[in-house]
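Here the protein sequences line up with chains L and V, keeping their order. All you need for my numbering is the position in the first sequence, starting with 1, plus 296. All you need for my numbering is the position in the second sequence, starting with 1, plus 296.
If you're looking for bench data, these hints aren't it; they were derived computationally from the structure. Glycine included, each C-beta is placed from N, C-alpha and C at the ideal position. Check before you lean on any hint, since a few could be wrong.
Under the rule of at most 27 Å between Cα atoms (straight-line distance), these lysine-lysine pairs were calculated in the DSS-like manner [to be verified]: (1) L:437 / V:462; (2) L:462 / V:462; (3) L:440 / V:462.
Pairwise CB distance ranges, derived in the manner of DEER restraints [unchecked claim]: (4) L:448 / V:503: 43 to 49 Å; (5) V:478 / L:349: 32 to 38 Å; (6) V:358 / L:465: 17 to 23 Å; (7) L:494 / V:503: 37 to 43 Å; (8) L:426 / V:450: 41 to 47 Å.
Computed list of chain V residues with no C-beta within reach of chain L, every gap over 12 Å [said to hold, decoys possible]: (9) 297; (10) 308; (11) 313; (12) 314; (13) 318; (14) 348; (15) 370; (16) 405; (17) 407; (18) 408; (19) 410; (20) 411; (21) 463; (22) 469; (23) 476.
Protein chains: 2
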Amino acid sequence: MTERTRVQRHPERGVYVRETIDAILDEALICHVGFVVDGQPYVIPMIQARAGDVVYLHGSTASRLVRTLANGVDVCVTATLLDGIVLARSVYNHSMNYRSAVVLGRARPVVDPEEKLAALETIVEHMVPGRWSDARLPDRKELKATTVLALALDEASAKIRTGPPKEWDEDLDLPIWAGVIPLSLVSGAAETDASVPSGVPRPPYAP
Amino acid sequence: MTERTRVQRHPERGVYVRETIDAILDEALICHVGFVVDGQPYVIPMIQARAGDVVYLHGSTASRLVRTLANGVDVCVTATLLDGIVLARSVYNHSMNYRSAVVLGRARPVVDPEEKLAALETIVEHMVPGRWSDARLPDRKELKATTVLALALDEASAKIRTGPPKEWDEDLDLPIWAGVIPLSLVSGAAETDASVPSGVPRPPYAP
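Excised from the complex, chain L in its bound form:
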């Protein structure tokens, strides 16, 4: 936690414990990466995956975004999980239940071949646990065409809202329904690609 990552608004929602930050990063499939070019902020969705004290991002070596990030510019990586819509009697006290993690820093390109392969494994296993050992692993050309970036979890915070609506006392007697509509990201029935021969079994991670 630093002055830059201290939660200002609703400070009671701020959490600076690594376990909590890690849990959010580990559950979120994607993050939104912010960076600045010519004074203009840009926010781009990217897959992220944490291993130990770093968050890995990746992309095509030809990508302008990835080249910009690899130059070591200041970034902000934010991962958000939506947990529910909070309906209070008053419009004013409506809210969202959510968990978000914010990481500030500069990403470094991962050049060590072993770390790079391990990072890609972390990313694949983060998205679909069990997939790495089934898929064809990247060859030398594919590895060369992929840039992996590592952002250290040195400066990070989480912000969390949970629980029921918070009402003004004078609203409690209004005959208005109040409560929480839970939200979650769920996976549906896997769609087998038409080119897959019928003899190839559907793996357990693609039910």
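Following the hints, put chain V in place on chain L, whose structure we already have.
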């Protein structure tokens, strides 16, 4: 579309039609707002809702974030919908199906009382259609404590990936399952707040 919002990587995924951009903004409950303070980018999740040619954001008048945005700094508002995980035979060709919209510009504080109330209605109805007419509407003090910001959809683009994995021809014969695991954000059974009297019916938007 401008040079700043032109999709560089996978240009075939770029869409600059307002209907497509609008549809993404209208489906996404939240966006991620990027802005710059002292050269450092920050990315914060916020509720957004579109009406006509503007995206509305809102927050507490006391919020440092909201005050910063209200000052008319350059922002980037990005809304992303995750539609699926794309599993190819090769690790390299794994991907995500998604729809994202990016809006650049400067937000203006909404000062006209009629537009402000209409914007709040847009936001509430965006989150929970039907709620505005059930809830207690904001009073003068609550309106004063709320800042609404409007960002014009003058400079925006969308990026979309859909469909099955794209494979190298030489991978097609590998005995590896490939396909798409669809993802969607779904709402669960509404949780009635303990303080709601048993006589208050559960509204249709909170099943």
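Hints, one by one, checked against the model:
1. Between residue 437 (chain L) and residue 462 (chain V) the alpha-carbon distance is near 17 Å, which keeps this suggested pair within the 27 Å criterion.
2. A C-alpha spacing of about 48 Å is found between residue 462 (chain L) and residue 462 (chain V), which places the hinted pair above 27 Å, so the restraint is violated.
3. Between residue 440 (chain L) and residue 462 (chain V), the direct Cα distance comes to roughly 19 Å. Compliance with the 27 Å bound is thereby established for this hinted pair.
4. Our hint of 43 to 49 Å for residue 448 (chain L) and residue 503 (chain V) holds, since their Cβ atoms are close to 44 Å apart.
5. For the hinted restraint 32 to 38 Å between residue 478 (chain V) and residue 349 (chain L), the CB-CB distance of approximately 33 Å keeps it satisfied.
6. Between residue 358 (chain V) and residue 465 (chain L) the beta carbon distance is about 21 Å. The supplied range of 17 to 23 Å therefore holds.
7. For the pair residue 494 (chain L) and residue 503 (chain V), the beta carbons lie near 40 Å from each other, so the given range of 37 to 43 Å is met.
8. For the pair residue 426 (chain L) and residue 450 (chain V), the beta carbons lie near 46 Å from each other, so the given range of 41 to 47 Å is met.
9. Against the 12 Å criterion, residue 297 (chain V) stays outside the reach of chain L, whose nearest CB is about 15 Å from its own CB.
10. In this structure residue 308 (chain V) is separated from chain L by more than 12 Å, as the shortest Cβ-Cβ distance comes to about 14 Å.
11. No Cβ of chain L approaches the Cβ of residue 313 (chain V) within 12 Å, the least distance being about 20 Å, so the stated non-interface status holds.
12. For residue 314 (chain V), the non-interface assignment is confirmed: its Cβ lies about 20 Å from the closest Cβ of chain L, beyond the 12 Å cut-off.
13. At roughly 19 Å, the least C-beta separation between residue 318 (chain V) and chain L is larger than 12 Å, which holds for a residue marked as non-interface.
14. Chain L leaves residue 348 (chain V) outside its interface by the beta-carbon criterion, the shortest separation being 21 Å against a cut-off of 12 Å.
15. Residue placement check: residue 370 (chain V) does not keep its beta carbon more than 12 Å from all beta carbons of chain L (closest about 5 Å).
16. Residue 405 (chain V), annotated as away from the interface, keeps every beta carbon of chain L farther than 12 Å; the closest lies near 17 Å.
17. For residue 407 (chain V), the non-interface assignment is confirmed: its Cβ lies about 19 Å from the closest Cβ of chain L, beyond the 12 Å cut-off.
18. Listed as outside the interface, residue 408 (chain V) is consistent with that label: its C-beta sits roughly 18 Å from the nearest C-beta of chain L, beyond the 12 Å cut-off.
19. With a closest Cβ-Cβ approach of about 16 Å to chain L, residue 410 (chain V) is found to remain outside the 12 Å limit, as its non-interface label requires.
20. Distance to chain L confirms residue 411 (chain V) as a non-interface residue, since its nearest Cβ pair spans about 16 Å, more than 12 Å.
21. Its closest Cβ contact with chain L, about 7 Å, brings residue 463 (chain V) to no more than 12 Å, contrary to its assignment away from the interface.
22. Look at residue 469 (chain V): its CB is around 9 Å from the nearest CB on chain L, not clear of 12 Å, so calling it non-interface is violated.
23. Remark: the non-interface label on residue 476 (chain V) conflicts with the geometry, its nearest Cβ contact in chain L lying 5 Å away (cut-off 12 Å).
Hints 2, 15, 21, 22 and 23 from the list above are not met by this structure, while the remaining hints are.
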